[in-house]
Amino acid sequence: MPVQVRGELLGTRRVGSYHVLTITAPGVPEAARPGHFVALAVGGDNSAMLLRRAFSIHGVTLRGVYGGTVDIAVGVAGPGTQWLANLHRHDPIDVVGPLGRPFALPKQPVSALLVGGGYGAAPLFMLAEELRTRGCRVDVVLGAATEDRLFNVLDAKRMASTLTITTDDGSTGTRGRVTDVLPEIMSRTNTDVVYACGPMPMLAAVTELARSHGAHVQTAVEESMACGIGVCMTCVLPVIGDDGVTRMLRSCVDGPVFRGDRIRWDDLDTIPADCYGAPGSKA
Amino acid sequence: MTRAVISYGPIPVEQLGHDVDMTAELGGTWLPNPVLTASGCAASGRELDTFFDITKIGALVTKSIMLAPRSGRPTPRMAETPSGMLNSIGLQGPGIDGFIEHDLAWLRERGVRTVVSIAGSNADEYTKLAQKLRNVPEIVAIEVNISCPNVENKGLIFARDPASAAAVITNVRRNTPSDIPVIAKLSPDVTDIVEIARACVRAGADGLALINTLLGLVIDTTTMRPQLAGITGGLSGPAIRPVAVRCVWEVHQALPEVPILGMGGIRNGVDALQFILAGASAVSVGTATFNDPAAPARVLSELRHELALRGFERLTDAVGHAHRGADVEPEPELGAEHHSGPVPRWP
Ligand SMILES: Cc1cc2nc3c(=O)[nH]c(=O)nc-3n(C[C@H](O)[C@H](O)[C@H](O)COP(=O)(O)OP(=O)(O)OC[C@H]3O[C@@H](n4cnc5c(N)ncnc54)[C@H](O)[C@@H]3O)c2cc1C
Ligand code: FES
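Sequences listed follow chains Z and B, in order.
Terminal number for the first sequence in the numbering used here: 284, no gaps in between.
Terminal number for the second sequence in the numbering used here: 926, no gaps in between.
The reader is advised that the hints may include incorrect statements.
Residues on chain Z that point at chain B, a partial pick, calculated with CB under 7 Å [said to hold, decoys possible]:
1. Met2
2. Gln5
3. Ala42
4. Ala49
5. Leu52
6. Ser225
7. Ala227
8. Cys228
9. Ile230
10. Gly231
11. Met234
12. Met249
13. Asp270
14. Thr271
15. Cys276
16. Gly278
Note that these hints are calculated values from the structure, not bench results.
Ideal Cβ positions, reconstructed from N, Cα and C, are used throughout, including at glycine.
Make the full structure from the sequences, and use the hints.
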């Protein structure tokens with residue numbers, strides 16, 4: 002169950018071009034699972050920015066001097082993320098979370114490949130920890146446009162059996178996209194399941210490769226959100242259900258994690274004609 | 580279950596010496612208090628119930644339901660705007676049968692006072708919707724959304740033409756049990772909202788919901804195309820509040836006996852008070868819920884506080900209070916006893 006709490010910024014540190022915020026948010030860390038996110042109000046009580054901003058939960062601490070805390074990685078994209086990046090220690094932050102459906106975890110000690118694009122790497126660290134306690138092999142691929150947009154390479158090195166880095170400009174690691182290196186890693190490590198978080202085109206391409214390798218694939222999507230709690234219907238995308246029917250599902254409550262093979266990647270930003278309730282359909 | 584712990588810190592009403600009777604009347608139905616959710620901002624209640632006890636507010640207004648299941652419009656469906664947002668959701672929903680079976684059943688079980696909002700693509704659909712709801716027990720009221728900007732006709736046909744609006748209301752009224760109020764939800768995008776309001780009341784509307792969103796458009800300057808897939812969308816949030824208060828004012832002035840459910844950019848108790856003073860008998864909290872999921876409950880306690888601060892003992896005494904003219908507002912030298920309390924305008 003998500004809660005709404007008046008949290009407080011405990012501190013901000015820079016990781017590459019990101020700001021990692023540590024926020025007290027009693028009740029949130031206790032319930033947080035890998036893949037959950039928080040929705041933060043930005044701009045203060047009388048802010049002209051009404052909509053909450055969504056951030057993957059990067060890490061949690063359950064207790065300590067300040068009680069439970071949540072870490073998020075903020076990449077500055079516009080006025081809301083800029084406001085968060087500029088906050089000072091002890092400034093209040095209104096937090097709603099944990100939200101969404103987390104990553105599904107395997108029951109067996111499988112071989113898992115974690116793929117993160119940019120700040121999409123943020124939720125993969127808690128996931129890696131969880132997988133390792135289940136005896137899974139964890140390999141990691143991190144990709145970004147440039148070196149400074151990679152998130153947290155240091156920790157990734159510590160938690161992964163192997164870490165592979167790609168950058169579009171070749172400033173570090175392999176020049177190219179994460180998808181350029183996936184086939185080789187999947188065959189070398191006998192990947193059973195791929196977990197991916199990052200930009201939508203990356204998730205579509207990763208899903209395709211994982212499928213052709215015969216691996217399960219879990220993707221954490223990023224759709225524009227307004228409420229984050231399931232009441233506004235802003236964040237929908239076409240997803241195929243167990244019954245084979247495509248529905249426009251809310252990524253904030255039915256996701257953000259979906260089976261990659263269930264998302265109709267080619268039909269994002271459309272209402273597929275065969276979708277439940279589509280105009281002209283006889284649903 | 581954890582509730583919101585945001586503290587906006589009003590002084591508890593008890594410390595002001597008296598409590599306020601918050602009972603509100605909406606078209607013949609009495610509600611324990613005047614704060615409702617707004618259609619499309621609360622889904623069917625379940626999600627918000629995590630953040631505050633939805634049985635404690637005046638009533639929950641469900642997302643406008645149509646006859647058939649609907650996938651809504653493609654994304655992007657939303658653009659944030661200064662103190663507001665533009666949306667083109669397009670009434671995504673399960674259709675009336677699924678809604679009655681699942682959503683209404685849950686609301687009834689949970690003991691939530693429920694206003695069902697209905698929307699049709701033609702007059703006949705409104706009639707069918709009313710017929711479907713006819714035997715559903717325990718509905719507080721039916722809100723007839725004749726002004727959704729995100730359906731094929733942009734809601735323009737019913738919202739802008741008094742005769743079409745009246746035809747819809749007549750049919751819904753005729754097919755709804757007489758003890759259930761029918762409330763017409765109007766668009767501000769009209770030349771004269773009073774004319775439409777009058778037509779709806781003559782057609783049998785027991786109350787009016789003012790206002791729906793305003794039609795707007797945002798251009799994405801990166802793609803240099805409209806930002807919403809639906810091109811235009813409905814503007815909501817505090818940005819539209821003065822327009823909404825003006826509409827409530829005009830309609831209350833022209834039709835003082837008609838109950839108004841006021842809405843449009845209510846974010847806190849004083850915002851709600853503006854609507855009440857302008858003539859609304861109750862208010863809906865909408866877009867603010869996206870910013871603060873506990874907003875309806877918070878607005879209720881803040882409104883109670885604001886009324887108490889101003890010496891009101893009953894909410895109903897404050898309804899339309901801003902309309903009192905020089906004739907009821909005595910000059911200072913004309914006897915101080917006239918200042919002892921607000922002038923009741925309602926019922
Ligand atoms: C599930 C999820 C997890 C996310 N995790 C992270 C994270 O860990 N780190 C991080 O830096 N960012 C993350 N994002 C993206 C982040 O929410 C946006 O960058 C942020 O909302 C932009 O706000 P802004 O005011 O700076 O930009 P603006 O562009 O001014 O925002 C305007 C509006 O659009 C919405 N919006 C804009 N971009 C996005 C986007 N990419 N995704 C969703 N909504 C958007 C905003 O919420 C806001 O309502 C995540 C998004 C989602 C949906
Ligand atoms: S963001 Fe509002 S329903 Fe998902």
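> Taking 7 Å as the limit, does the beta-carbon of Thr271 of chain Z come near enough to a beta-carbon in chain B?
Replying inline: With a minimum Cβ separation of about 5 Å from chain B (threshold 7 Å), the hint on Thr271 of chain Z holds.
> At a threshold of 7 Å, is the proposed contact between Met249 of chain Z and chain B supported by beta-carbon distances?
Replying inline: 5 Å, holds
> How about Gly231 of chain Z: closest beta carbon in chain B under 7 Å, or not?
Replying inline: 4 Å, holds
> Can we keep the Met2 of chain Z interface hint, with Cβ of chain B closer than 7 Å?
Replying inline: 6 Å, holds
> Once the shortest beta carbon distance from Gly278 of chain Z to chain B is found, is it less than 7 Å?
Replying inline: 4 Å, holds
> Are Ile230 of chain Z and chain B close enough, Cβ to Cβ, to be under 7 Å, as the hint says?
Replying inline: With a minimum Cβ separation of about 5 Å from chain B (threshold 7 Å), the hint on Ile230 of chain Z holds.
>> For the restraint on Met234 of chain Z, tell me whether the closest CB of chain B is nearer than 7 Å.
In response: 5 Å, holds
> Given Cys276 of chain Z was flagged as interface, is its beta-carbon under 7 Å from a beta-carbon of chain B?
Replying inline: 5 Å, holds
> Is the interface hint for Ala49 of chain Z satisfied, with its Cβ closer than 7 Å to some Cβ of chain B?
Replying inline: Cβ of Ala49 of chain Z sits 4 Å from chain B, so the hint holds.
>> Min Cβ distance, Cys228 of chain Z to chain B: is it shorter than 7 Å?
In response: 4 Å, holds
> Can Leu52 of chain Z be said to touch chain B, with a Cβ gap under 7 Å?
Replying inline: 5 Å, holds
> Was the hint right that Gln5 of chain Z lines chain B, CB cutoff 7 Å?
Replying inline: This interface hint holds because 4 Å falls under the 7 Å limit.
Hint check: no violations occur; every hint is consistent with the structure.
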